[in-house]
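There are 2 protein chains.
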Amino acid sequence: MDCWVDGQPADALSLKDRGLAYGDGLFETIAVRGGQPLLLERHLARLAEGCARLAINADQALIRNELLTYAGAMNEGAGVLKLILTRGDGLRGYAPDPSAQARRILQGNPPATYPAVHAEQGVRLFPCTTRLSQQPLLAGLKHLNRLEQVIARAEWQDAEHAEGLMLDQAGRVIEGVFSNLFLVRDGVLVTADLKRCGVAGVMRAELLFQAESLAIPTQITDISLDQLQWADEVFVCNSVYGVWPVRAYAALSWPVGPLTRKLQTIARALLDV
Amino acid sequence: MDCWVDGQPADALSLKDRGLAYGDGLFETIAVRGGQPLLLERHLARLAEGCARLAINADQALIRNELLTYAGAMNEGAGVLKLILTRGDGLRGYAPDPSAQARRILQGNPPATYPAVHAEQGVRLFPCTTRLSQQPLLAGLKHLNRLEQVIARAEWQDAEHAEGLMLDQAGRVIEGVFSNLFLVRDGVLVTADLKRCGVAGVMRAELLFQAESLAIPTQITDISLDQLQWADEVFVCNSVYGVWPVRAYAALSWPVGPLTRKLQTIARALLDV
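Residue numbers (the working numbering), protein chains in the order written: chain A, 1 to 273; chain B, 1 to 273.
Keep in mind that a hint or two might mislead.
As the list makes no split between identical chains, a pair holds if one copy fits it or if it spans any two.
Result set (BS3-like, lysine-lysine): computed pairs, CA atoms no more than 25 Å apart in a straight line [stated by the list, open to error]:
no., residue 1, residue 2
1, 142, 82
2, 262, 195
3, 142, 262
4, 82, 262
5, 82, 16
6, 262, 16
7, 195, 16
8, 142, 16
What the hints contain is simulated information worked out from the structure, not anything from laboratory work. Note that the structure is a prediction, hence the values are computed from the model and not measured.
All chains should be built: construct the whole structure from the sequences, respecting the hints.
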């Protein structure tokens with residue numbers, strides 16, 4: 001399916017776009033099934049927060065309508081819809097124009113094809129040496145400055161590792177390269193506090209919400225490698241593949257546990273409409 | 001003048017470019033006079049280092065030739081030439097294709113028009129509250145992940161501040177938003193160590209080289225706000241405007257000193273061919 005730029009089919013972008021010049025923008029990667037963008041409200045909420053924090057002017061209602069229309073027109077109503085929202089064209093220099101309107105770019109891709117074994121038997125995480133830098137002003141946002149993820153993902157090429165684990169500069173356990181991480185300890189569902197770095201994933205938010213609905217205790221906190229080692233269960237998640245149990249990381253290993261399976265079932269129901 | 005993409009006139013970019021998707025690339029902003037790109041070897045050296053560190057495949061000889069040809073064709077042979085080098089098109093996902101060839105984007109702009117008073121009488125630096133994050137893997141490079149500069153530059157709109165000063169997360173004095181910073185103390189020319197963050201500017205490198213040629217002692221080190229306060233002279237520099245004396249920052253102030261003027265004269269000679 002053609003890409004859209006500001007609601008019109010397009011295959012190219014202005015060379016003056018600030019998304020290109022500075023990574024000055026945000027993105028969302030949205031699973032589509034049955035012609036519907038899944039977890040849409042959560043994607044839109046994160047996008048709106050990003051716009052507010054970066055002072056990017058965007059018409060959220062228009063974005064919602066475009067995502068719905070585009071998803072409905074995707075081949076067989078299924079795939080992965082990527083929205084890139086940039087601050088639009090710029091002149092030379094970093095200063096943003098306070099009156100600039102965001103540019104909306106929609107790209108449709110076929111459904112993601114990960115080996116079923118990742119979800120069924122769990123994955124091994126590559127120990128990335130690339131550490132996440134700490135920047136509270138950008139932490140949590142899915143912005144376009146993603147060089148850390150690019151260099152982390154380039155650390156391994158083998159198929160043995162489905163994901164990589166990233167620590168921050170202080171050695172805290174933060175997230176996967178393209179996933180969030182949870183651990184379970186004594187029945188409590190734990191995920192990293194993302195106030196310094198990391199991307200606050202839509203599936204992470206949804207699973208925290210679902211867990212609370214099921215009266216499963218949750219904790220958002222700093223996680224050390226020691227705490228990871230002593231976890232009863234570990235899993236990663238995102239809004240495209242759902243939940244993958246984590247079987248191993250470096251010399252550590254874990255069984256696939258019952259809470260992981262329960263949340264995986266919930267994620268699967270959300271993503272397989 | 002038209003932009004060029006991979007050596008051809010163009011006004012648009014592929015929507016799959018990884019420069020847009022992830023800020024996966026580098027840039028150089030080069031002053032042009034008399035049809036010549038100035039400080040070209042230093043720009044090319046920094047670009048080549050960036051390519052090596054990010055594992056971006058680029059034909060450096062081709063880039064040199066294109067910069068020379070493009071600069072020679074600019075209106076009146078003068079202006080600012082911006083080169084953006086991206087990792088080219090990508091599929092979905094962060095993993096870079098190790099065989100991908102870089103995409104070259106050249107953009108010509110008219111000469112920069114800063115008030116002459118900045119260079120003549122010196123500038124006041126805005127005290128940016130945006131702190132630079134520490135990422136040794138990217139430190140020094142002029143890469144496309146520049147959201148920190150965007151949000152720092154958005155902190156002030158008044159014309160009273162020509163530049164802003166950025167500290168790192170630990171409170172060290174690093175650089176301006178679009179400049180490097182030097183101070184002079186007891187005859188020693190001091191600039192920040194950029195091993196954790198910051199952009200290793202081409203004019204910074206050139207002034208360090210020129211100072212050494214003149215037997216002026218230089219020091220690259222961590223700089224505290226205390227050290228800044230007790231400086232005899234302070235100035236900022238880049239490869240477009242040269243050298244601006246710094247007269248004030250928050251409650252601090254400095255006279256315009258003799259070493260600043262000497263290096264400013266050298267920078268002016270380099271930029272006004």
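- Query: Can you tell me if residue 262 and residue 195 fall within 25 Å by alpha carbon in one copy, between copies, both or neither?
  - Reply: Neither. Shortest intra-copy (28 Å) and inter-copy (46 Å) distances fail the 25 Å Cα cut-off.
- Item | Alpha-carbon proximity between residue 142 and residue 262, which holds within one copy, between copies, both or neither at 25 Å | Result: close neither inside a copy nor across copies, 27 Å intra and 46 Å inter.
- Item | Alpha-carbon proximity between residue 82 and residue 262, which holds within one copy, between copies, both or neither at 25 Å | Close neither inside one copy (28 Å) nor across copies (53 Å); limit 25 Å.
- Measure nothing new, just compare the shortest in-copy and cross-copy C-alpha distances for residue 262 and residue 16 to 25 Å and report within, between, both or neither. neither (47 Å within a copy, 37 Å between copies)
- Item | residue 82 and residue 16: within-copy, between-copy, both or neither at 25 Å Cα | Both: 21 Å inside a copy, 11 Å across copies.
- Task: First find the shortest C-alpha distance between residue 195 and residue 16 inside one copy, then the shortest across copies, and answer within, between, both or neither for a cut-off of 25 Å.
- Result: neither (32 Å within a copy, 31 Å between copies)
- Message: One pair to classify: residue 142 and residue 82, alpha carbons no more than 25 Å apart. Within, between, both, or neither?
- Response: Close inside one copy (12 Å), not across copies (27 Å); limit 25 Å.
- Message: Within a copy, between copies, both or neither: which one fits residue 142 and residue 16 at a CA-CA cutoff of 25 Å?
- Response: both (22 Å within a copy, 18 Å between copies)
Checked against the numbered hints listed earlier, the structure breaks hints 2, 3, 4, 6, 7; every other hint is satisfied.
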